[in-house]
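Hey, can you work out the whole structure from these sequences and the hints?
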Amino acid sequence: MENCPETSTHLETQVFFCVTKKLRGPHHVVINHDVIQFCKESLKVLEEYRIADIFGIDIIPTNSSSLYICLFCYPRQKSTFCCGNFSTAQHRQKLRILIQVGGEGCSLAHNENIAWEWKRRVLVVLHNLYPRIDRIQLTSKRRILTIINPKSGKGNGITIFKKNVAPILQNCGIELELFITEREGHAKEKMKSLDFSTVNGVVTVGGDGILYEVINGFMSREDADDWSHIPFGVISSGSGNGLARSLAHASGESSDYLRDPVQSSMLAVARGNTVPINLVTVESDDTLTYAFLSYGMGLFGDIDIESERLRWMGERRYTLWAFHRILNLRKYPVTLTYTPLEADSEVSVEKEEFVLIHSSWTSHIGTNVNFSPTSVLGDGVLHLVYITEASRSQILNVLLSLEHGAFLNSKCVKYVKVKEFCIDAGDRDIPGNPTIDGELCHGKKMRIKISDKKLNGYQSFAMLDCLDNLRLRINRQFPYEPVVIVGGTAIAIHLLHYASQRVPSDGFYAGGKRALFSLLKKIPAVKRKVNEEVDKAQKTLYKDIANLYKDKNGECTFITKLSSEGRPLETVLAKVAEYLEMGNYAWKNGTVSGSVYHGGSELTQLNSEVYAMSTWTNPLHPDVFPGVVKMESEVVKMAANLFNGGPNTVGTITSGGSESIILAIKAYRDYGLAKGIIRPEMVVPVTAHAAFEKGAQLMQIKIRKVPITQETWTVDVKLMERMINGNTVMLVGSAPTFPYGCVDDMKAIGALGLKYDVPVHTDACLGGFLLAFMPYAGLPTPPFDFKVHGVTSISADTHKFGFAPKGSSVLLFNHKKFKHCQYFVTPNWPGGLYASPTIAGSRPGAIIVGCWATMLHFGLNGYTETTRKIVTTRRFIENKLRQITGIYVVGRPATSVIAFASKEFNIFRLMDFLKAQGWVLSALQFPSCIQFSLTFCQTAPGVAEKFVADVQQGVADILKNPLPDDETKGTAAIYGASQKIPDRTIVSDVAAMFLDALYDTTL
1173 MENCPETSTH LETQVFFCVT KKLRGPHHVV INHDVIQFCK ESLKVLEEYR IADIFGIDII
1233 PTNSSSLYIC LFCYPRQKST FCCGNFSTAQ HRQKLRILIQ VGGEGCSLAH NENIAWEWKR
1293 RVLVVLHNLY PRIDRIQLTS KRRILTIINP KSGKGNGITI FKKNVAPILQ NCGIELELFI
1353 TEREGHAKEK MKSLDFSTVN GVVTVGGDGI LYEVINGFMS REDADDWSHI PFGVISSGSG
1413 NGLARSLAHA SGESSDYLRD PVQSSMLAVA RGNTVPINLV TVESDDTLTY AFLSYGMGLF
1473 GDIDIESERL RWMGERRYTL WAFHRILNLR KYPVTLTYTP LEADSEVSVE KEEFVLIHSS
1533 WTSHIGTNVN FSPTSVLGDG VLHLVYITEA SRSQILNVLL SLEHGAFLNS KCVKYVKVKE
1593 FCIDAGDRDI PGNPTIDGEL CHGKKMRIKI SDKKLNGYQS FAMLDCLDNL RLRINRQFPY
1653 EPVVIVGGTA IAIHLLHYAS QRVPSDGFYA GGKRALFSLL KKIPAVKRKV NEEVDKAQKT
1713 LYKDIANLYK DKNGECTFIT KLSSEGRPLE TVLAKVAEYL EMGNYAWKNG TVSGSVYHGG
1773 SELTQLNSEV YAMSTWTNPL HPDVFPGVVK MESEVVKMAA NLFNGGPNTV GTITSGGSES
1833 IILAIKAYRD YGLAKGIIRP EMVVPVTAHA AFEKGAQLMQ IKIRKVPITQ ETWTVDVKLM
1893 ERMINGNTVM LVGSAPTFPY GCVDDMKAIG ALGLKYDVPV HTDACLGGFL LAFMPYAGLP
1953 TPPFDFKVHG VTSISADTHK FGFAPKGSSV LLFNHKKFKH CQYFVTPNWP GGLYASPTIA
2013 GSRPGAIIVG CWATMLHFGL NGYTETTRKI VTTRRFIENK LRQITGIYVV GRPATSVIAF
2073 ASKEFNIFRL MDFLKAQGWV LSALQFPSCI QFSLTFCQTA PGVAEKFVAD VQQGVADILK
2133 NPLPDDETKG TAAIYGASQK IPDRTIVSDV AAMFLDALYD TTL
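When we follow this note's numbering, the leftmost residue of the sequence shown carries the number 1173, and every step to the right adds one.
Just so you know, not all the hints are guaranteed correct.
Here are the simulated lysine-lysine pairs, DSS-like style, with alpha carbons at most 27 Å apart [claimed, not checked]: (1) K2087 with K1724; (2) K1715 with K1733; (3) K1919 with K1959; (4) K1360 with K1626; (5) K1991 with K1866.
What follows is a list of derived Cβ distance ranges for each label pair [stated by the list, open to error]: (6) F1730 with D1707: 42 to 50 Å; (7) L1499 with T1370: 35 to 43 Å; (8) L1499 with Q1342: 43 to 51 Å.
None of these hints come from the bench; they were simulated from the model. Only a predicted model underlies this, so the values are computations on that prediction, with no experimental measurement involved. Glycine included, each C-beta is placed from N, C-alpha and C at the ideal position.
Encoded structure:
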């Protein structure tokens, strides 16, 4: 800027008043960037004050040739007590500094030139720092029209003006033209007749009501557009100070405002910085009104208008009248319609009785009413709140939480961001004391919308002060600003990247818990106790595994070395039979949950012969074993048809459900990477199979888990939508869920996939080959497959209810573009071109052949009949369990899985009882449940009836003999304790011990 001052200017001065006595006496006074420094002759800085804290500068003559430069400052000083609370926050405090200008032999004219040059340079520095301030300050005094409402608030507006406002503004070089209103509408008349060429701004002393008159008087002028640059301000002295509070909040000076509202709003006027503020038009019948703060009717309007009789109490009148109105709660019949911010069509609220309807486009509608916490000045958004049904206690909670905006979280509050809205009362005036900016208004129908005109309001710039102060302080230490900017930016980006790379994949909370427990376990006493408990668990695990491995002689021996000579065929087969007979449970009698999906003795014979024929086949070599590859393609196509795929549906056979899931994750991760998503995430139900967690770890993809609803025990689709973001590459639903057998709402999840352009995977590994045949069996079937718009892939295990040999599953995609991302291809390997469709390279062709042969053997009718038997058996058991007092069935099972729990006793006591009867069931946690996954084995005559009878007997025995949790044993004690352990790494360690024990040959 051409008028920018030099780096520093020195004057020989005498300081007569300052913060510290040590400045008395002659010193150098230096302007250095954004500060005025007081230095010794050695130029050691004793005190310094920011020019940004100077709100006025004046030159005072004396009887001699010397002059005084008077600086009116409001620097931030630490305060220990503010607003009734001890605090270390910094608040602005008034400070006047007098600097004597004049040396020996200097004439008055010379001293005047120096003083005026100082004043000019201080003002130029201010404008260089903050270009938005009124430039008139640099050349001449500003002239501001001050309008006072003497009856506003407690009726002390004139006193506040004379004592606190006028002296400070005049000291800051501002000329004041005073206008005192004498009647309602007087300020509006003044604005209509005012010659705006004579003023540089308009300020009201009062509440929001007087400013409401001023704005509407100004906007009614034909030449309003010509004077739209004129700023308006308000100095708080009324009951309602919403705009002043919002301006202070937006600039980060809330604490200053709450400490001294008059000083805070007055300094904003003194500085001259402006900010655009939304204006809203309120169309009512044949009238058009402008509003700058809020519109409302109902509870808030009642409190505001009806408490006018208590105006002498100031803002306390609102609190008192609020309690009166809660005790006499009213509802008003009107019709509300609104246009959401991101939509073009209107939404109508069906309920016609409202406790309140209120909207604001500033953050605050009162000093302590943070109505719209996310509101930004001038953003063109209406924040609409309405309540239709609420108890008195809920209304009380709403009013008590207005100060920080927490009332928006109340269940009775409906909150929406809108472009415009309309309230219609039919053929009568709108009831409920409708108000515009706190002023009562009338009309049968009112339409409120953002105007294309804006208001310029005086606002401080504390936030910018802090940033510029930091920048200039750095520049004083490092004078090369471009280098600092570039280097500082690079360092900041590097630090942010470094920090982001170290954010735990499961979030700060889970990572923080792990770190905390890791530190706790280093404490000797804690470490010793944990090790003792872990050692106990390890001994128990190893003992249990050793019992499992015992042969018919009760010995636990292992073959750990090859014998010199091979063993005869008969010996090997006998050894195989011996090993396969280990264990305490006979699955063939139907007492084992899941585990074995047996399709009958005839199928066993078929697969034995098929395996013998295809033992040495490998589909990795299609030129050697083309028939096996052909069988795989046929299995995929048969599965695609069963799941209502189209001509473009493709897929592969995998080694099981886990591989199908992991490959789906890999495909969508790579598909997202190709689209430019470098930090891919997937959104899955908390009940999704653990293989999704495994896949997330293997594929380095973040997993977001969505809770379930307690009504249906399926994924909460609304919460799922909230978790979708720009990094989401995959949505997941289960058909059914492994824990409870319920089918997630795939139709709703598919709709989310279409809405946000995210692939959707249906995990039907457990029940896919039941759901596919349930329609043929005449059973109700929830939508889950490719019929659902948005579903792009399905995983289904053929080795479960497809009855194929273990180690086979199918993964289907609705288009090749996804399947191609599943492949692994390396074109630059010295060993040749290598391409593999699945994780494994070589695959046992015998499994594919067995799967193909099984499907041909069963056929549509065979699968339909087994499906009917399994689902019918599950429904029989479910109905019987629902009739047993003391337990309940979880959710609404759809296929073969049923889970049940109890609110009366520890459900794992029942599991121990059933275990003693020979049943092998699955224990679930969070919450504690027993899961029974039915297979074809449970359809045998008498199996389901025996299970129900055993459950009835077990529940009856437990209810007769209740036990507290600390006296339980067996599964009840183990699972009860494991769920209570806050450090889940300990549980993981014990699980790892179990896996280690399975492979330990020293038992």
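Original post:
Falls inside 42 to 50 Å, the C-beta gap from F1730 to D1707?
Top reply: violated, 23 Å
Original post:
Going straight from one Cα to the other, do K1715 and K1733 come out at no more than 27 Å?
Top reply: Measuring from Cα to Cα gives roughly 24 Å; hence the hint holds.
Subject >> 27 Å limit on alpha-carbon distance, applied to hinted pair K1360 and K1626 >> reply: Since the Cα atoms of K1360 and K1626 sit roughly 18 Å apart, the hinted pair holds (cutoff 27 Å).
Original post:
Do the alpha carbons of K2087 and K1724 lie within 27 Å of each other, as the hint requires?
Top reply: Roughly 22 Å separates the two Cα atoms, so the pair holds.
Original post:
When you take the CB atoms of L1499 and T1370, is the distance between them in 35 to 43 Å?
Top reply: The hint (35 to 43 Å, Cβ to Cβ) is violated, given that L1499 and T1370 are roughly 52 Å apart.
**OP:** Please test the hint of 43 to 51 Å on the beta carbon pair from L1499 and Q1342.
**Re:** holds, 49 Å
Original post:
If you draw a straight line from the CA of K1919 to the CA of K1959, is it 27 Å or shorter?
Top reply: Holds. K1919 to K1959 sits at ~9 Å (cutoff 27 Å).
Original post:
Within 27 Å, alpha carbon to alpha carbon, are K1991 and K1866?
Top reply: It holds: about 20 Å lies between the C-alpha atoms, which stays within 27 Å.
Of the numbered hints given earlier, the model fails hints 6 and 7; all others are met.
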